[in-house]
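Chemist: Each chain, written out:
There are 2 protein chains.
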Amino acid sequence: MTKIRLDTKDAILQAGFDVFSKNSSASIDKVAKRAGVGRATLHRYFSSKDDLMEALAWAAMDELNKAVEDAVKDAQSYTEGLKLALTAIVPLSNRQLFLANEPLDKNPKIAKAYQKDRQELIADIEKAKQEGTFSSDIPSKWIAESFEALTYAAWVMVNDGEATHKQAAELAWHTLTAGLSNPTGQ
Amino acid sequence: MTKIRLDTKDAILQAGFDVFSKNSSASIDKVAKRAGVGRATLHRYFSSKDDLMEALAWAAMDELNKAVEDAVKDAQSYTEGLKLALTAIVPLSNRQLFLANEPLDKNPKIAKAYQKDRQELIADIEKAKQEGTFSSDIPSKWIAESFEALTYAAWVMVNDGEATHKQAAELAWHTLTAGLSNPTGQ
DNA sequence: TTGTCATGAGACAAATATGTCTCATTTGGT
DNA sequence: ACCAAATGAGACATATTTGTCTCATGACAA
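Which chain is which? The protein sequence lines are S and F, in order.
Under the numbering used here, the first residue of the first sequence is numbered -1, with each subsequent residue one higher.
Under the numbering used here, the first residue of the second sequence is numbered -1, with each subsequent residue one higher.
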């Protein structure tokens, strides 16, 4: 009975991330071609470009949340949780990039959900502060921004073939918690 | 004799950065409106959208280079130079964002110039390594990525009204060189 | 085989964006 | 006041994108 290619919808979403993260003003057509799908088929799943964009935003947040949730499951501390989350996010950074680039103010619901996720990150960071991982003199907002920025940097490293996901995540975490300074120079 | 409003061209470029950094698929029309200029006038300065995009890319690199060059002038070391450069770049981060988002592969000349600038950054980082500022165990490429990512994070802080340019640059530099860890926790 | 359903290809119209042109108005120098 | 250059507004044609529709094909279950 089920003749729906369960892959199709996901393939389109994946193609959307691929295409739009390289050229955020790309056309629907490019997404369809990348997904190996006709434009008509794309419209059968997503009624309009806005619809696709919205679905991509939700999918991005979903995937990120799921990945983080799963990675953090067995964490023994908030600090460890943050490190595991970072490692889990690196391979999905183009999702985060999509969210960052998309003019989110157009869709209040998405903007709100995005803000909620950010608040949770900040809350976790403050717990990690209490664990002594981060200095309480540094604004949590800044730590959160650094977290995201370095995660993205890690993704770039992987994309450029300069490191594996694991290595890049390790670098980002180290930079976040210890900086890049020369230990002997301290 | 000179009745050219010297501001006009610059105003359009500035508007371009403003508009495209918020919505990289915006139309020419939006840029013109933001610049307080008719679409026709925009076309008098930039024959096509591609032309405008290219001009924006060159302008971005120009402004960044000029700002850095000027800031670094009196630096006593490569390390100090990097810090001064970072501070100078923060207010111009939307230029860097534009360059990062723009599909640069379309214009080989721009891509090449961009690569050259990046090489120079890496070269300076390696000098700073010799000065003991950065650990030689850490890939210079990663330090460069972190440098850019944290500069962008600093710009976001400023944009969100969470810090002044100076404060944000200080945070970024500190994070880069010392991390965000708790000194007492070491 | 037969029937159903997802699909790809492509025709088509509508919407949007782009580039050119004209003209009346404004601006700034003389 | 006068003039020349720059401008804004908007008409216009073209190009691109988007959304709808139809139809032939292929996959798959009965």
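Watch out, some of these pointers could steer you wrong.
Identical copies go unnamed one by one, so any copy, or any two together, can satisfy a pair.
Heads up, simulated DSS-like pairs for lysine-lysine below, C-alpha to C-alpha not over 25 Å straight-line [claimed, not checked]:
1. 20 to 139
2. 125 to 20
3. 104 to 20
4. 125 to 71
5. 31 to 107
6. 110 to 47
If you're looking for bench data, these hints aren't it; they were derived computationally from the structure.
Note that the structure is predicted; figures quoted are calculated from it, not measured.
Chemist: If a hint holds in the structure, say so; if it doesn't, say that too.
Modeler: Going down the list of hints, with the structure as the test:
1. 20 to 139: between (28 Å within a copy, 21 Å between copies)
2. 125 to 20: Neither, since 36 Å and 32 Å both go past 25 Å.
3. 104 to 20: both (21 Å within a copy, 11 Å between copies)
4. 125 to 71: Within one copy only: 16 Å inside a chain, 43 Å across chains, cut-off 25 Å.
5. 31 to 107: neither (30 Å within a copy, 28 Å between copies)
6. 110 to 47: The answer is within: 21 Å in one copy meets 25 Å, while 34 Å across copies does not.
In this structure, the hints that do not hold are numbers 2 and 5, in rising order.
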